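*Asks:* Listed below, chain by chain, are the residues.
4 protein chains.
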Amino acid sequence: MTHSIAIIGASGYTGAELVRIIATHPSFEIKALAANSKAGQPMASVFPHLRHLDLPDLVTWEEIDFDQIDLCFCALPHKTSQEVISKLPKSIKIVDLSADFRLRDPAEYEKWYGNPHAAPEIQKEAVYGLTEFYREEIAGARLVAGTGCNAATGQFILRPLISAGVIDLDDIILDLQCGVSGAGRSLKENLLHAELSEGTNAYAVGGTHRHQGEFDQEFSKLAGRAVKVQFTPHLGPFNRGILATCYVKGEADAVLASLQAAYADEPFISVLPKGETPSTHHVRGSNFCHIGVSGDRIPGRAIIVAALDNLCKGSSGQAVQNANLMLGEDERAGLMLAPCFP
Amino acid sequence: MTHSIAIIGASGYTGAELVRIIATHPSFEIKALAANSKAGQPMASVFPHLRHLDLPDLVTWEEIDFDQIDLCFCALPHKTSQEVISKLPKSIKIVDLSADFRLRDPAEYEKWYGNPHAAPEIQKEAVYGLTEFYREEIAGARLVAGTGCNAATGQFILRPLISAGVIDLDDIILDLQCGVSGAGRSLKENLLHAELSEGTNAYAVGGTHRHQGEFDQEFSKLAGRAVKVQFTPHLGPFNRGILATCYVKGEADAVLASLQAAYADEPFISVLPKGETPSTHHVRGSNFCHIGVSGDRIPGRAIIVAALDNLCKGSSGQAVQNANLMLGEDERAGLMLAPCFP
Amino acid sequence: MTHSIAIIGASGYTGAELVRIIATHPSFEIKALAANSKAGQPMASVFPHLRHLDLPDLVTWEEIDFDQIDLCFCALPHKTSQEVISKLPKSIKIVDLSADFRLRDPAEYEKWYGNPHAAPEIQKEAVYGLTEFYREEIAGARLVAGTGCNAATGQFILRPLISAGVIDLDDIILDLQCGVSGAGRSLKENLLHAELSEGTNAYAVGGTHRHQGEFDQEFSKLAGRAVKVQFTPHLGPFNRGILATCYVKGEADAVLASLQAAYADEPFISVLPKGETPSTHHVRGSNFCHIGVSGDRIPGRAIIVAALDNLCKGSSGQAVQNANLMLGEDERAGLMLAPCFP
Amino acid sequence: MTHSIAIIGASGYTGAELVRIIATHPSFEIKALAANSKAGQPMASVFPHLRHLDLPDLVTWEEIDFDQIDLCFCALPHKTSQEVISKLPKSIKIVDLSADFRLRDPAEYEKWYGNPHAAPEIQKEAVYGLTEFYREEIAGARLVAGTGCNAATGQFILRPLISAGVIDLDDIILDLQCGVSGAGRSLKENLLHAELSEGTNAYAVGGTHRHQGEFDQEFSKLAGRAVKVQFTPHLGPFNRGILATCYVKGEADAVLASLQAAYADEPFISVLPKGETPSTHHVRGSNFCHIGVSGDRIPGRAIIVAALDNLCKGSSGQAVQNANLMLGEDERAGLMLAPCFP
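Chains as they are written, first to last, in our numbering: chain G, 1 to 342; chain X, 343 to 684; chain W, 685 to 1026; chain Y, 1027 to 1368.
Hint data in this document are derived by calculation from the structure and do not stem from the laboratory. Since we're looking at a predicted model, the values are computed, not measured. Check before you lean on any hint, since a few could be wrong.
Beyond 12 Å from chain X on every Cβ pair, some chain W residues (computed) [claimed, not checked]:
(1) A791
(2) N799
(3) P800
(4) E821
(5) A823
(6) K912
(7) E960
(8) D980
(9) A991
(10) D993
Below, a list of computed lysine-lysine pairs in the DSS-like style, where the Cα atoms sit at most 30 Å apart [said to hold, decoys possible]:
(11) K432/X with K421/X
(12) K905/W with K570/X
(13) K591/X with K958/W
(14) K228/G with K1254/Y
(15) K530/X with K905/W
(16) K570/X with K763/W
(17) K221/G with K90/G
(18) K453/X with K933/W
(19) K763/W with K591/X
(20) K1254/Y with K380/X
(21) K1214/Y with K421/X
(22) K188/G with K763/W
(23) K249/G with K1137/Y
(24) K958/W with K1137/Y
(25) K763/W with K912/W
Here a beta-carbon is modelled for each residue, glycine too, at the ideal position from N, C-alpha and C.
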């Protein structure tokens, strides 16, 4: 059975990545592509790498005939997303890739994003889209909120450890490098090749990155008490990829066992043999996540490193994985593309 | 119908690219992976990005049970390839990715590669594997010789122009940039990140690159007279991609018309609207080739620019395309992966 | 003797490069830095890599007290530059890095830049700033117009060949790759890391790049007849560097001899032994230019490759070289910084 | 007064960086360059970026006439270095850039490097070359052992904090990214452009990196008790630069004050205003180190980020700084080169 798909916000990188994935998806068909600022243009003029596909031209989202759409991916910036989604027909299934429906508490949303939530009633029905941990809710949901890419990576490391009670909850450090596509196709000086290539820097140091809100919400819910991690992102001179290095107090063997147990049957998450470390090179362009565990020479401390592709497993791949569940398809459909190396 | 596939030379980049493509091919199944220097190792320890696949461990090629193999890709270095292929059972279909069977004249082979050909009798049955121009012969061949990646790019530009008689055959300049994966996974100082990133240089200047032998053979055959192009490759600080900029004497409109006519029905080659120029960014990781034509301000001169991925369309993708033909499958099977951008 | 220097347009890359060079110049002292859009800010907040220097804060150019300035570098965008320079005191020596005073004929300026020249009377006194070929005029000039970075590279290759009469003037192809800093610190989509890294493309194909105006002017003057080269620039995924590959009809030995003769005593231009090719890696961050000559296998054809750093020898280094001459200093002062490799 | 300099191990990156720095040093003159595997070659054939310099050809170190040498830089691999240095005349001042004389305790050396120390008697006179903290001893030393590049970076962050007693000594995490030149000009698969560009990975996870030996030695000596930090290096896709992100338990204001006090008069180390974070982009090619301090949202925790160039301040620049002291020159001589950005 073929499902009719619309993508709103098709002129950004996550929009393009959705199209790239759906291009070889066995049962999704793209019926509408919306990007209000580029309406009227062919998709190939905005993203020439999609030239070979027979795609509808870009339209405004208001022009989409939603009667013929089964599921809509919304890849708009936060704030815009909630405004648009609140106007979409209630009969449409939606996977939102923005930050707008990730935080259940509207006050938390306002704290991290600076504006009051404009659609708090819709927020109530949103399911948090971390597939591996909300599978059942996602399958029955109308609106799924895709997670932050950094937030997904950190949770793949830490959720099993918190659930298993094998680490000290008050001493968790999550040091992370993210590729530049995580910042989107936005014209900012620090995203220019001349500024960003050939070096690296930290940003949002000290707990100010917005994905902290997701960590707080999810980890505290899981632990039944407040959990605050220390999270420092770095901007690396590469396009795709997140590498998270997590420092915990706990036994490496117990940490490893918890991760192995949690992901034994997961098609997209691999736990490496003890002492091996993953690399973003080996997941680039794919929906896979690799996790490695090492003990430190200081007893009782463990280091966990995770690698995924921020645009794919961290965003658009996750979105398709969720859409597969919502539409009753095999969760893996369209997502078994091998990483592109070198 | 599923075809059983072996890959000899699986520890190099073209070997890994074959596996990446076949991973989502609907009717190819990898039954054996050989790499004599790494025999005994799991493929995932040599190429961790293929960890998610259920692949056979690496063996020596002598260990392969060829009775169960329908087609064998041979991704060995030249010289080694002819030695191995001469020992394979004659019943096996073979796609060779090396330079060993590209040149029909053994004297030309020796001139360009420095050693006498060790299997001239097999050379006779080899078909030159430029799919778009040798489709019928390839479909009926037992042994297909994959083209050089630069040689493919130059021919996609020039064959239709030579055939149509729209350019001066004595004044053709082919200036080309190639990504570093074209040099393979070899430990050479100039391929180190510290040496190669952040700059560029020409090499094999003055007509000494080995792919000239293919240009000479193919263009002269096509023109019915000797044709010598001037060909200068450059090594660019990127992993995948060839961009060829070709300067010819001829009318841009006639050039464009010849290319449009030649590629009107080709699934993998797109001729862009006049004046547009392609980019390697937009074909990376895919089997597509984009070609653009511009006139110069000097009347009677045209510039043609072509972009493809050297590892895919220039090598392993072409090899799968040929294998599809040899095995009676849809030529496009497994090859419609969209480019990975950004 | 110390010379007091002002830099107008200090918030762009050529402005920052001027400061970098002058930082270790023995007799230049920066007295004023102007950038109207960033006036009031310390230079270190605009360019943190200059934090260690004791620099004046940014001001508007109108705020500069020109009575205390000996020489002013003007690193503004074209069009703005002519407007500002026409208002500067006539007593000030000026090195302009923009395109505004490069073309002697105002009609040519308008043809290539699209706007009528606003200061044609000042244009008359401007000297074309290609130091090695206009040394005497530059030493006596009040206003020197820095060349285009691509234009400088092409002229370093071609001027000696045209002067010596060793090449066919009607068949010159200049294929060139330029690093991204050549486009300045401007917020354009194609200059983003995610768009530009890991690939390459041609642009301004067919003779439409503005630096063609300089080639036309200079080569035609030199030859005493109209000379039109075919010039195709490419944008490469590196920050600094121009590599020009030039195809000419002429004997390689004569070409080499002409270049050797022209540059025998030049401190910044090295002609490599025959058959060696330069690399941008080996001139990065320096004022040096390396040139190599090879013959082609087709008799009577030669290929010349030149490498320089577009920001330094192609722009700000050239500007300091000219300023040294204008102020009676050793031409090499401040410019003997070794390239930064790797 | 001019000092005569020899460099042994001139064919590696730190050797080339020494030459780059000395090229504009006011009182150092290179009299001999040794590289046994490349003896007989001109330096320009090994490092073409140094072509403009009038350098002696490479010789074996045994060929150097040490009577005419004031100071010798030894840039050999560890183990080789101790063997060579033990045979050099005792009258010669030496700055060693290898790991061979960093660890005072030969047992510690053997533990971290795997071989017994071959010159323990010379080890006794070696001074640890972290200039800012061993200035007086270095000025009087005959043999100075340059520090590890990572070890220098970590110590610039932590020494003032340990001395001031403002952090918990049992809970220090040092997460670090290093550019690829830190691994030298060695032919290893993971250093190839195709393997390393466009991604990142951790290595030596869990306290196994050899620079831990330096941290243990120095921090324990400083604290008067055993101090073990958790140190995880990552390999980043850039050539030059170390970015260290350090997580401590302590008040950010006290941390900042300690750093400001320690470095108030240091010419090469800048402490940024609170909350600002450094970038390796802004120190590339220079001897400067930038350090920034931020508080975390969790009270009582601070994050310190430091950036320097591993080849310069982390190795060859530090070596020249030490040589300046040993030869009675201004410590800054030759080292005020501004960073090369972009």
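*Asks:* The structure should be examined with respect to each hint, and the outcome stated for every one.
*Replies:* Hints and how they fare:
no. : hint                : verdict
1   : A791                : holds, 17 Å
2   : N799                : holds, 21 Å
3   : P800                : holds, 22 Å
4   : E821                : holds, 30 Å
5   : A823                : holds, 33 Å
6   : K912                : violated, 6 Å
7   : E960                : violated, 9 Å
8   : D980                : violated, 5 Å
9   : A991                : violated, 7 Å
10  : D993                : violated, 10 Å
11  : K432/X with K421/X  : holds, 19 Å
12  : K905/W with K570/X  : violated, 34 Å
13  : K591/X with K958/W  : holds, 29 Å
14  : K228/G with K1254/Y : holds, 25 Å
15  : K530/X with K905/W  : violated, 46 Å
16  : K570/X with K763/W  : violated, 46 Å
17  : K221/G with K90/G   : holds, 29 Å
18  : K453/X with K933/W  : holds, 26 Å
19  : K763/W with K591/X  : violated, 37 Å
20  : K1254/Y with K380/X : violated, 39 Å
21  : K1214/Y with K421/X : holds, 25 Å
22  : K188/G with K763/W  : holds, 24 Å
23  : K249/G with K1137/Y : holds, 26 Å
24  : K958/W with K1137/Y : violated, 52 Å
25  : K763/W with K912/W  : holds, 26 Å
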